[in-house]
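Residue numbers (my numbering), protein chains in the order written: chain X, 9 to 278; chain V, 12 to 337.
Read the hints as simulated data drawn from the structure, not as lab findings. Treat each hint with caution, since some may be false.
In silico DSS-like cross-links for lysine-lysine, where the CA-CA straight-line distance does not exceed 25 angstroms [unchecked claim]:
no., chain 1, residue 1, chain 2, residue 2
1, V, LYS305, V, LYS154
2, X, LYS26, V, LYS34
3, X, LYS26, X, LYS137
4, V, LYS154, V, LYS171
5, X, LYS172, X, LYS59
6, V, LYS99, X, LYS170
Given the structure is predicted, the values throughout are model-derived calculations rather than measurements.
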Amino acid sequence: MKREAIGGLLARRRFLRKLGVAGAALAVGATKKEPAAARQSFPTADYDWTKHRWAFGVDATKCIGCLRCVEGCKAENDVPLTAHHFRTWVERYVYLEGENRPRIDSHADPVNIAASGSQREYRFANRYKDAKIEKAFFVPKLCNQCEHPPCVQVCPVGATYKAKDGVVLIDHDYCIGCRYCVQACPYGARFFNEEKGVTEKCTWCYQRITRGLQPACVEVCPVGARVFGDLNDKQSPISLFIRNNRVHVLKPETGNAPNVFYVGLDKEVS
Amino acid sequence: MRTHVFRLLVLLGAGFAAALVAKWYFTAESFYEFGHYRGRSVAEIAAHEPVYKTSAYCQACHGERHAQWSAANHKTVACEVCHGPAQKHPQEGKLPIPADTRRLCTLCHEHMAERPRTQPQIDLAQHGAGQQCAACHNPHAPKLAGVVPALSGDLAAGKKRHAESCAGCHGAEGISPNDTWPNLAGQNATYLVRILGAYRSGAQTDVMMSPVAQALSEAEIQNLAAYYAGLSCKSAVCAKAPGDGAAGKVLAKNCAACHGETGIGSNPAWPDIAAQKAVYLANTLKAFRAGLRKDPMMAGVVRGLSDADIANLAAYYAAQSCGKKS
Chain X
9 MKREAIGGLL ARRRFLRKLG VAGAALAVGA TKKEPAAARQ SFPTADYDWT KHRWAFGVDA
69 TKCIGCLRCV EGCKAENDVP LTAHHFRTWV ERYVYLEGEN RPRIDSHADP VNIAASGSQR
129 EYRFANRYKD AKIEKAFFVP KLCNQCEHPP CVQVCPVGAT YKAKDGVVLI DHDYCIGCRY
189 CVQACPYGAR FFNEEKGVTE KCTWCYQRIT RGLQPACVEV CPVGARVFGD LNDKQSPISL
249 FIRNNRVHVL KPETGNAPNV FYVGLDKEVS
Chain V
12 MRTHVFRLLV LLGAGFAAAL VAKWYFTAES FYEFGHYRGR SVAEIAAHEP VYKTSAYCQA
72 CHGERHAQWS AANHKTVACE VCHGPAQKHP QEGKLPIPAD TRRLCTLCHE HMAERPRTQP
132 QIDLAQHGAG QQCAACHNPH APKLAGVVPA LSGDLAAGKK RHAESCAGCH GAEGISPNDT
192 WPNLAGQNAT YLVRILGAYR SGAQTDVMMS PVAQALSEAE IQNLAAYYAG LSCKSAVCAK
252 APGDGAAGKV LAKNCAACHG ETGIGSNPAW PDIAAQKAVY LANTLKAFRA GLRKDPMMAG
312 VVRGLSDADI ANLAAYYAAQ SCGKKS
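So that you can see chain X by itself, here it is in the shape it has in the complex:
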């Protein structure tokens, strides 16, 4: 029922967009647009973004909560070294005996900051050592690079957009720092960089994947909990991951159609 309603909304949005484009074309006539066909390969000489469709997999049953991904991401992407600025993070869900809701914390929890001793390094404190744990696990999170990204929809200046290979990017030269997109993201994947005055988020290490490398978090994950690849390649790690596992996405009811696929999520994880 809900899904149909969303489908209807999306169809109406597409129709209105077509109307708008036709109207604009009539009103303005020919635009100054150049044909992109003259170009060989974009955005780099070795990488054609029309030939790839990236996706990401997370196996939460493998994650050990070592937070190497968080530190690796920060080094790779020049993310501010404070506990509260991060492009990827790991959540810990702990169900204690006799409690019906999980306790959730991440590296930014004061107890975990105290355990690491600094805001530049991250570790999960062994705070449930003596507790009676019924069930507990870690869930890595990052930008979902949604098919229908609400963050892109709300940007007033066209500073964030969905690239043709599926990654949602931010143009830091164009971002005016209004933070609408931070509000719009239902996953909390975006943060505001006060130093630069722009919004930041995970790009699946666009500078790496366009060079044929893995994102930094995938590269440093010691247990293979993170999987990355091209959906156009049926033998890529992500294609095999999706084919061989029952996968789930976060908050499917929003209609954003995330491109990060999870294995081993529990009922409370969203």
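Assemble chain V onto chain X, guided by the hints.
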């Protein structure tokens, strides 16, 4: 047309033209190239230089270390996880070798119920007695060679073989007559089996030992090991060693987790080194440091030792009492 209508139209037209010019002027060059964004920004984002270089990059120069690492069970942990990103290496200097391994390794291996059961985990309070992890574990090949094979030696046959092949150098009672050759009396049988097997297979070589060990059968090795393990080491007489035993005692803290505080270890796969010959101990440590003796654990431990450190350590252990563990 009425003048006032004409004026209004001209004004509107001028405004429209001004708006068009303003839009043309203020819109970035590649803005509508692919959609409602600046097309060139894609290339700008892709142009950032990657910071992590991947383990394949490390292999070019650190081939030997890479081979050891990629054959062992830390092969899923990339070089840059522990040593940091290699973007500016080697141009701008060395990458760090983690000093506080107890802090680093526990990021993954501290026991937590939240972790999957398949993850190897330790209880910090009960494992390693506060030692650095790298004291026993080689981070590049962390699994210990502590598997104890079953021993089935015949003492009498071992004594006979000893008299034939070994007594000449290692002494009639397993106490060697000079400082260069090791005492064998009272040594752990499991260790002796392992080390004789290594000489026999060629995994470890020595001008004297290799031909002797190659002439031994598996059973004879077991017999010899059982024989030496049963001898008393009490008669060990240590010559005054050149090193400083007190300084050695401080360094020996790094050895204690495996070899015990006074050189009597807990695991029979590792040698007891209390009251061992000082020159032999020093030579052995130097051989590990030079890579002539190969052992994943020892290689990591001796890497940072100077000649003086080695002499001090040897002096300390040579002076310890070799009384059997209780």
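Status of each hint after checking the structure:
1. Pair hint V/LYS305 plus V/LYS154 holds up; C-alpha atoms about 15 angstroms apart against a cutoff of 25 angstroms.
2. Distance restraint check for X/LYS26 and V/LYS34: the Cα-Cα separation of roughly 22 angstroms lies within the 25 angstroms cut-off, and the hinted pair is therefore satisfied.
3. For the given pair, X/LYS26 sits about 58 angstroms from X/LYS137 by alpha-carbon distance, which is inconsistent with the 25 angstroms threshold.
4. Note on V/LYS154 and V/LYS171: the hinted pairing is violated, with a Cα-Cα distance of about 37 angstroms set against a maximum of 25 angstroms.
5. Taking the CA atoms of X/LYS172 and X/LYS59, the gap is about 9 angstroms. The hint holds against a cut of 25 angstroms.
6. At roughly 32 angstroms between alpha-carbon atoms, V/LYS99 and X/LYS170 are farther apart than 25 angstroms, so this suggested pair is violated.
Hint violations for this structure: numbers 3, 4, 6, all remaining hints satisfied.
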